[in-house]
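Engineer: Below are the chains, spelled out letter by letter.
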Amino acid sequence: MKTITALTFSSTLAISALADPQITSWFTLHSDQPARIYRNNAAKSADQAVTTWSNGRNTQAQPAFCGVQEILSSSNWVYVRSTGLGSQIMGPWLNGNFPNLPTDQKFIFAIPRHPTVQTARGFNHLGEIGMFVDGVRMFDAGDAFSYSNRNGRDADPRGGIGQGDRVWNRDALVNESRTFDAAMAHQQNRGTYHYHTQPIALRYLLGDHVDFDAATKTYSESKIAPTKHSPILGWMQDGHPLYGPYGYSNPTNPASGVRRMISGFTLRNGENGADNLAQTGRKTLPAWEAREQNRSAKLQKTETGPSVSERYPLGHYIEDYAYLGDCGKTLGKEFDLDELNGRWCVTPEFHNGTYAYFTTIDADGKPVYPYNMGRRYHGNPVGQLVRSINEPVTTNFVNRANKSLTATSQSARTTTLTWNPNGYKAESK
Amino acid sequence: MNWKRKTGFCIAIFAVVNLASAATLQIQITPKVSGENLQPASFRYQTSASETFSITRVSYLASEFALQRNDGSWLEISNSVAWMDYEQGRDSIRLNNIPAGEFRSVRFLIGLNTNLNHADVAKFPAQHPLNPNLNGLHWSWQGGFIFLALEGLWRNPGGEMDGWAYHLARDTNAVRITLATPLEITNETKLELDFDLATTLNAPRPLSFGKDGSSTHSRDGDPIAAALVANLPGAFRVHRITQLSETEIAIAHPQPLYLPAKFTPYPFQMSATFPIPDLPRDNPLLVERVELGKKLFFDKRLSVNNQQSCAGCHAPEKAFSDGRRVARGAEGAFGTRNAMPLFNLAWKKKFFWDGRAKSLREQVLQPIQNPIEMHQSLANLVAKLAQATNDYPALFTAAFGSPEITSEKISLALENYLLTLTSFDAKFDRVQRGEEQFTAEEQRGFELFSTEYDPRRGQYGADCFHCHGGPLFQSQSFANNGSDGAFQDLGREKVTGKASDRGKFSVPSLRNVALTAPYMHDGRFRTLDEVVEHYSTGIPRSATLDPNLAKHPDGGVPLSETDKRALVAFLKTLTDAQFASIGK
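Heads up: the sequence lines are chains A and B, in that order. Residue 190 in the working numbering is what sits at position 190 of the first sequence, and the numbering runs on without skipping anything. Residue 510 in the working numbering is what sits at position 510 of the second sequence, and the numbering runs on without skipping anything.
Incorrect hints may have been included.
Unchecked claim - Derived PhoX-like pairs (lysine-lysine); straight-line CA-CA distance at most 25 Å:
1. K572(B) with K427(B)
2. K429(A) with K427(B)
3. K350(B) with K294(B)
4. K123(B) with K318(B)
5. K429(A) with K123(B)
6. K425(A) with K318(B)
7. K333(A) with K298(A)
8. K425(A) with K294(B)
9. K211(B) with K217(A)
10. K123(B) with K425(A)
11. K425(A) with K349(B)
What the hints assert, rightly or not - Listed next, the stretches of chain B that the computed footprint assigns to chain A, with coverage defined by at least 3 CB atoms under 8 Å from CB atoms of chain A:
12. 257-270
13. 280-292
Stated by the list, open to error - A partial selection of chain B residues facing chain A, derived with a Cβ cut-off under 7 Å:
14. V382
15. G458
16. S560
17. D563
The hints are simulated quantities; they were obtained by calculation from the structure and are not laboratory data. Yeah, the Cβ is synthetic: ideal placement off N, Cα and C, and Gly gets one too.
Start from the sequences, fold in the hints, and give me the full structure.
Structural biologist: Okay, structure coming up:
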């Protein structure tokens with residue numbers, strides 16, 4: 001009897017002692033190191049990273065630290081102050097020819113500690129959807145541009161035709177990956193370094209089944225079979241975690257082994273029960289999107305997209321993907337993740353279960369749609385960047401190196417030495 | 001003239017008083033490598049990873065000496081601190097007033113306790129082992145001392161000459177050394193210890209420059225520092241104990257030379273952050289003597305043709321330099337080296353770029369006589385000064401107590417004046433006192449200046465402070481700063497005759513550096529930008545390249561253009577405008 005009581009007691013303790021992953025999952029190992037970049041391929045080959053840089057447009061004149069600088073919390077919020085700069089050596093981008101360089105963003109990201117389920121349908125305004133645990137921003141699958149039916153071409157960063165119709169939305173990986181660095185990240189015009197897909201450099205730093213080749217300075221998915229559940233890679237603005245690609249085989253059984261989570265999306269190429277846009281033309285929205293927008297899948301003439309071609313291959317747009325649940329496949333059997341790219345499951349950090357997103361990759365480690373999150377959050381996305389913290393908070397972490405070197409302050413200004421037959425006498429004032 | 005005047009010293013001889021209760025223990029610690037005497041700067045050693053290396057510097061602090069009585073209790077010897085330095089031949093500490101008797105072990109600390117490590121270093125007397133100007137082991141803006149500095153060169157896997165510099169520091173890394181040995185202390189006992197550097201670098205934790213890194217500054221979690229801390233306790237061994245017979249110990253008590261009956265002590269002024277300098281006791285700073293020295297300094301009659309004074313090459317507005325690439329003499333001849341700026345000389349022990357003069361009074365007479373400089377014989381000079389004006393005899397009387405003019409008195413007066421040239425009111429100093437603020441660019445430059453370049457430990461500074469550290473922005477050392485790979489000017493080697501000194505020159509102060517262009521011993525660089533570029537991309541490897549430079553990538557420390565500009569901006573904060581107006 002006594003023994004049983006003791007056991008019960010200790011297991012209770014173990015649960016209550018689980019630290020809050022919203023506070024403990026952040027990667028702070030490099031927080032006291034200066035963020036660094038390679039300006040171009042030659043600098044990368046020679047291992048000549050710099051801690052300050054400028055291209056006239058984005059300037060980092062003083063070194064900034066890597067990523068997370070402070071973690072603060074109240075009962076309802078966790079606040080993470082970050083430079084937004086990666087912990088790995090960043091760059092180069094397009095061998096130094098990409099017009100943007102990353103800069104210290106000095107942001108404070110507020111994450112709700114008690115996520116609430118979003119009941120309304122409809123796409124959320126996307127773009128920046130969360131923050132990775134290294135303090136780097138997470139962007140959604142799109143690149144902010146879409147097809148312009150009237151102009152017969154994509155809107156793109158060259159401008160002139162706005163951002164397009166927002167019907168056929170471009171996939172960032174397909175359209176921007178040539179500007180990614182080895183970590184698979186780049187920055188927009190104001191210097192916000194970000195990932196659109198899996199953060200492979202962060203996964204390497206976290207030990208999430210990624211190898212790094214020091215000679216070529218490239219990352220790749222490890223060839224060895226995965227044996228452990230992926231760590232938390234980041235937090236979405238709805239307060240739910242994003243995990244690496246490997247979750248428990250059985251969502252509710254931590255002893256069921258781990259495997260790569262299978263995305264719920266497939267190309268609309270006639271396979272896996274999906275329709276074939278190459279035959280039909282881009283004249284219908286995928287069912288999941290029509291459902292979200294509460295409209296007919298059939299598009300008006302002014303909304304149709306370009307024919308599938310070399311210039312507009314399948315996968316060029318997010319709407320080129322069908323949800324497997326609409327193709328006669330069953331969630332939890334033939335694929336793991338729902339339309340939002342998550343599932344309810346237990347994880348090493350949430351023994352009682354949580355809604356969790358998983359980054360999606362294929363067997364070779366290549367990111368596959370929807371990468372980190374579908375086009376809507378599971379919870380209410382109340383998390384956001386804030387300018388200041390206006391409530392009492394507890395400091396959970398602070399980078400103690402984050403104070404500039406100061407010249408010591410002296411009270412005495414001058415010392416005077418004067419000779420007498422016994423030697424020199426010193427007086428300070 | 002008697003012998004006293006020649007040497008400037010009166011030697012007092014004391015015999016040690018043989019008191020049963022008060023004895024002296026002399027502890028001598030000799031650096032060894034695997035039991036053999038250290039062969040400095042010789043590429044004869046190998047790490048366990050078969051890397052060939054040399055050792056060029058062994059400098060450390062030992063403190064808290066204590067002796068264990070046979071009953072197990074410890075006798076702590078208060079204020080026992082030693083600075084040991086192989087190159088300077090400093091290998092001993094004398095512990096006085098120890099009760100004679102039998103002891104069973106000795107212990108000491110390599111390093112300092114927290115209080116001592118963070119004491120106000122500007123308060124240590126000139127001869128104190130912890131005076132930073134003496135030991136060169138203080139890290140001014142990082143706080144605390146380097147406990148142990150081991151440096152040298154090694155051949156990296158690419159076959160290149162590379163540098164290594166292990167600097168053990170920080171409170172938690174002080175290492176307690178305890179040696180069990182029966183020790184009978186009589187009136188004068190000498191305990192000789194070996195300090196084995198092979199063990200220090202190798203056992204029980206072998207270090208490899210390639211694998212573990214070629215430098216450490218002992219930041220938190222640094223594995224090299226941890227290995228040194230693990231290895232040091234086994235690196236010390238008792239070599240032998242000897243009882244010395246009554247020893248005569250000579251203590252020099254320098255007496256003031258030519259002290260006039262009436263004098264005014266000169267108030268020598270310096271920053272309260274500067275270490276206390278070892279001002280000459282035999283040539284006390286007197287207002288009268290400084291005035292005479294100043295007059296001599298600006299007097300063109302010191303040159304053969306009355307065309308050039310000392311100030312001809314040492315103009316006050318240029319921090320007493322001349323703006324020329326190399327110096328130009330009274331008769332138009334050019335020398336081979338850049339005229340050195342003159343300030344804060346009280347903290348120097350050797351003068352000229354190659355350090356050939358051991359005192360200022362020795363130094364000042366050389367340019368006067370040098371055929372390509374002022375080209376004047378001392379006899380001529382004395383005669384000229386005695387005849388030319390009736391000012392001088394009176395000035396000599398005031399300064400030295402008699403009107404007689406001699407070259408020695410001339411040198412003493414010039415030494416007096418030159419010692420008073422202290423510069424310590426730059427923007428940097430005002431920032432330090434909280435009166436002004438750095439711009440963001442200057443602050444960045446300061447951080448670069450004061451931070452090491454050590455990618456393995458995540459440090460990406462410009463690593464300037466190793467040689468130009470401390471509030472004086474100089475060190476007393478001579479270094480090959482990578483000006484050349486092959487040497488036309490052998491520098492310090494010409495003075496010492498040692499090949500290991502090839503291409504080494506005095507490390508100048510960086511105070512007022514914006515006023516003292518052009519730069520380097522031969523004035524090769526016109527601007528500070530060129531100097532910074534040199535340290536970033538222009539350093540060729542050679543056998544005597546300073547280890548603190550050799551440890552960097554080929555060419556030097558990688559710096560972005562922004563960082564290079566920031567460094568120059570910081571260097572400009574070292575200009576002392578008030579000092580530049582002296583003598584106007």
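Engineer: Against this structure, judge whether each hint is valid.
Structural biologist: Here is what the structure says about each hint:
1. K572(B) with K427(B): Satisfied, since the Cα-Cα distance of roughly 9 Å is no more than 25 Å.
2. K429(A) with K427(B): holds, 19 Å
3. K350(B) with K294(B): holds, 21 Å
4. K123(B) with K318(B): Not satisfied, since the Cα-Cα distance of roughly 31 Å exceeds 25 Å.
5. K429(A) with K123(B): holds, 13 Å
6. K425(A) with K318(B): Given that 25 Å is the threshold and the Cα spacing comes to 31 Å, the pair is violated.
7. K333(A) with K298(A): violated, 30 Å
8. K425(A) with K294(B): OK: K425(A) and K294(B) at ~24 Å, within 25 Å.
9. K211(B) with K217(A): Satisfied, since the Cα-Cα distance of roughly 19 Å is no more than 25 Å.
10. K123(B) with K425(A): The hint holds at about 12 Å.
11. K425(A) with K349(B): Between K425(A) and K349(B) the Cα gap is close to 21 Å, so the pair holds against 25 Å.
12. 257-270: With 6 residues in contact (Cβ-Cβ under 8 Å with chain A), the coverage given for the stretch 257-270 of chain B holds.
13. 280-292: holds (count 4)
14. V382: Because about 26 Å separates V382(B) from the closest Cβ in chain A, which is outside the 7 Å limit, the hint is violated.
15. G458: holds, 4 Å
16. S560: OK, holds: S560(B) within 7 Å of chain A, min 4 Å.
17. D563: It holds, given that the least Cβ distance between D563(B) and chain A is near 5 Å, below 7 Å.
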